[in-house]
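K.L.:
Each chain, written out:
There are 2 protein chains.
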Amino acid sequence: MGRYRVGLETRERILSATRRLLAEVGIEGVTLKAITANARVGAGSFYNLFSSKDDAVFEVVREAIEAVDPDPAGAGTDSLEDLVDAFVAFMTGSSPIARIYLQLAGRGLTDPVVAARVLRSHRRRVERFADAWQREDPELAPSEATARAEVMLGALTGLGMTALIDPGFDMRRHALALLPDAARLRATR
Amino acid sequence: MGRYRVGLETRERILSATRRLLAEVGIEGVTLKAITANARVGAGSFYNLFSSKDDAVFEVVREAIEAVDPDPAGAGTDSLEDLVDAFVAFMTGSSPIARIYLQLAGRGLTDPVVAARVLRSHRRRVERFADAWQREDPELAPSEATARAEVMLGALTGLGMTALIDPGFDMRRHALALLPDAARLRATR
DNA sequence: TACATATTGGAGCGTCCGCTCAATTTCTGC
DNA sequence: GCAGAAATTGAGCGGACGCTCCAATATGTA
Chain Z
1210 MGRYRVGLET RERILSATRR LLAEVGIEGV TLKAITANAR VGAGSFYNLF SSKDDAVFEV
1270 VREAIEAVDP DPAGAGTDSL EDLVDAFVAF MTGSSPIARI YLQLAGRGLT DPVVAARVLR
1330 SHRRRVERFA DAWQREDPEL APSEATARAE VMLGALTGLG MTALIDPGFD MRRHALALLP
1390 DAARLRATR
Chain U
1210 MGRYRVGLET RERILSATRR LLAEVGIEGV TLKAITANAR VGAGSFYNLF SSKDDAVFEV
1270 VREAIEAVDP DPAGAGTDSL EDLVDAFVAF MTGSSPIARI YLQLAGRGLT DPVVAARVLR
1330 SHRRRVERFA DAWQREDPEL APSEATARAE VMLGALTGLG MTALIDPGFD MRRHALALLP
1390 DAARLRATR
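So the protein lines, in turn, are chains Z and U.
What the first sequence shows, in this note's numbering, is residues 1210 to 1398, in sequence order.
What the second sequence shows, in this note's numbering, is residues 1210 to 1398, in sequence order.
Read the hints as simulated data drawn from the structure, not as lab findings.
Note that CB positions come from ideal geometry on N, CA and C, so glycine has one too.
Wrong hints could be hidden among the right ones.
Taking beta-carbon pairs under 10 Å as the criterion, some of the chain Z residues facing chain U (in silico) [as the list claims (entries may be wrong)]: (1) Gly-1235; (2) Ala-1284; (3) Leu-1313; (4) Gly-1315; (5) Val-1322; (6) Thr-1371.
Some chain U residues close to chain Z (C-beta under 7 Å, calculated; not the full set) [unchecked claim]: (7) Gly-1235; (8) Gln-1312; (9) Thr-1319; (10) Val-1322; (11) Gly-1367; (12) Ile-1374; (13) His-1383.
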């Protein structure tokens, strides 16, 4: 599975096609037939490289999120405003994958398999925010930092949803208002 | 359409069945067959009363939201903390329809038909929040009241999502933190 | 060169889906 | 009790879907 060079190329073609289709027709419109036709690949090849249609979709979303990560290496150098900016960029940027991300989160509300994947990435993000908050204010109790991170992320998700539904909504302005004073001043300078 | 008594009863039976099924199997599991079987009704009867499957689902969600409305008559007597409490009640209460609501909002991100319905109810709610904020602080410029209402609602939606995905999340506590000081004091008294 | 392993295409399986329609029955106002 | 509007039925249409299977082929390895 995916060890030969051609296999890796096929994998990329499939991911590109999935990405393109997600952008064009949304998650409901993406069918296996469409993916394989677009990638010019047989269904068998697809299942040789991915375990299911969802598997490919998740991978596309994962890569899109990683693309805006201010600290992909996890060196712990990202500030709170960096993280907020990255989230806003992901939500309001040109990539239509943000919609898919929110729709997947929605599916996670009833589908346990999806829920597991969504919750895992959510917790990772909460931790990133909490760490940044701790760096912002070293006096803060860790539990309080986590609580604030959860609220901020919840709020950001909701604001992102509003922004995607309502094109006139200025997400960045509202998101920055959620930052503690010092970080907000740095961000709006 | 729906003028005879039996028709109205059938309508109720269908809505009950839809509600029950949404709770039991989620929005993806609700099929027309299931609804009609559960309501002991032919498919034709269903389409005599509803224009589509989604039509019935929307109606169920609409009624669930109305059920927690602190001021269903629209008399303008609801305070900011009333509205927040109602939203929290809807999200964390026993009704599983909150999940459906969020999933529909997610579908609205790509499906224009769904988007129109979602956006309409969103705007109505923003207006309610903005009015309440204005009553809370009459000095506030109307545009600023609307802006704050949008942020609060966005944040509440995100917090609701977090609460539904993460059972340990204390939505009410975090939601109240979004209130202006005076309202928060009243609410936590 | 020989062989193991990976990759490929695509027909087709089984299933499910929302919805239509012509025929029939039930209801209501007069 | 009659006329006509409203309600009801459910088989079945047309199509979509994800995924399996497997013989044929390409690729890497020693």
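K.L.:
Hold the hint about Val-1322(Z) up to the distance rule: shortest CB distance to chain U must be less than 10 Å.
P.N.:
Since chain U brings no Cβ nearer than about 12 Å to Val-1322(Z), farther than 10 Å, the hint is violated.
K.L.:
Checking hints one by one. Is Val-1322(U) an interface residue toward chain Z, by the C-beta closer than 7 Å rule?
P.N.:
violated, 12 Å
K.L.:
Can we keep the Gln-1312(U) interface hint, with Cβ of chain Z closer than 7 Å?
P.N.:
Cβ of Gln-1312(U) sits 4 Å from chain Z, so the hint holds.
K.L.:
Close enough to count: is the Cβ of Gly-1235(U) nearer than 7 Å to one in chain Z?
P.N.:
holds, 3 Å
K.L.:
Close enough to count: is the Cβ of Gly-1235(Z) nearer than 10 Å to one in chain U?
P.N.:
holds, 3 Å
K.L.:
Under the criterion of a CB-CB separation shorter than 7 Å, is His-1383(U) in contact with chain Z as hinted?
P.N.:
Holds: closest Cβ of chain Z sits about 5 Å from His-1383(U), inside 7 Å.
K.L.:
Can the hint on Leu-1313(Z) be confirmed by a CB-to-CB distance to chain U that is less than 10 Å?
P.N.:
Where the cut-off is 10 Å and the nearest Cβ of chain U is about 8 Å from Leu-1313(Z), the hint holds.
K.L.:
Tell me if the interface restraint on Gly-1315(Z) is satisfied: Cβ within less than 10 Å of some Cβ in chain U.
P.N.:
holds, 3 Å
K.L.:
Please verify that hint: Ala-1284(Z), Cβ, nearest Cβ of chain U, below 10 Å or not.
P.N.:
Status violated, d = 27 Å.
K.L.:
Go through the hint on Thr-1371(Z) and say holds or violated, using the shortest Cβ distance to chain U against 10 Å.
P.N.:
holds, 4 Å
K.L.:
With a cut-off of 7 Å, does the beta carbon of Gly-1367(U) approach a beta carbon of chain Z closely enough for the hint to hold?
P.N.:
With a closest approach of 3 Å, the Gly-1367(U) hint holds.
K.L.:
Min Cβ distance, Ile-1374(U) to chain Z: is it shorter than 7 Å?
P.N.:
holds, 6 Å
In summary, the numbered hints that this structure violates are 2, 5, 10.
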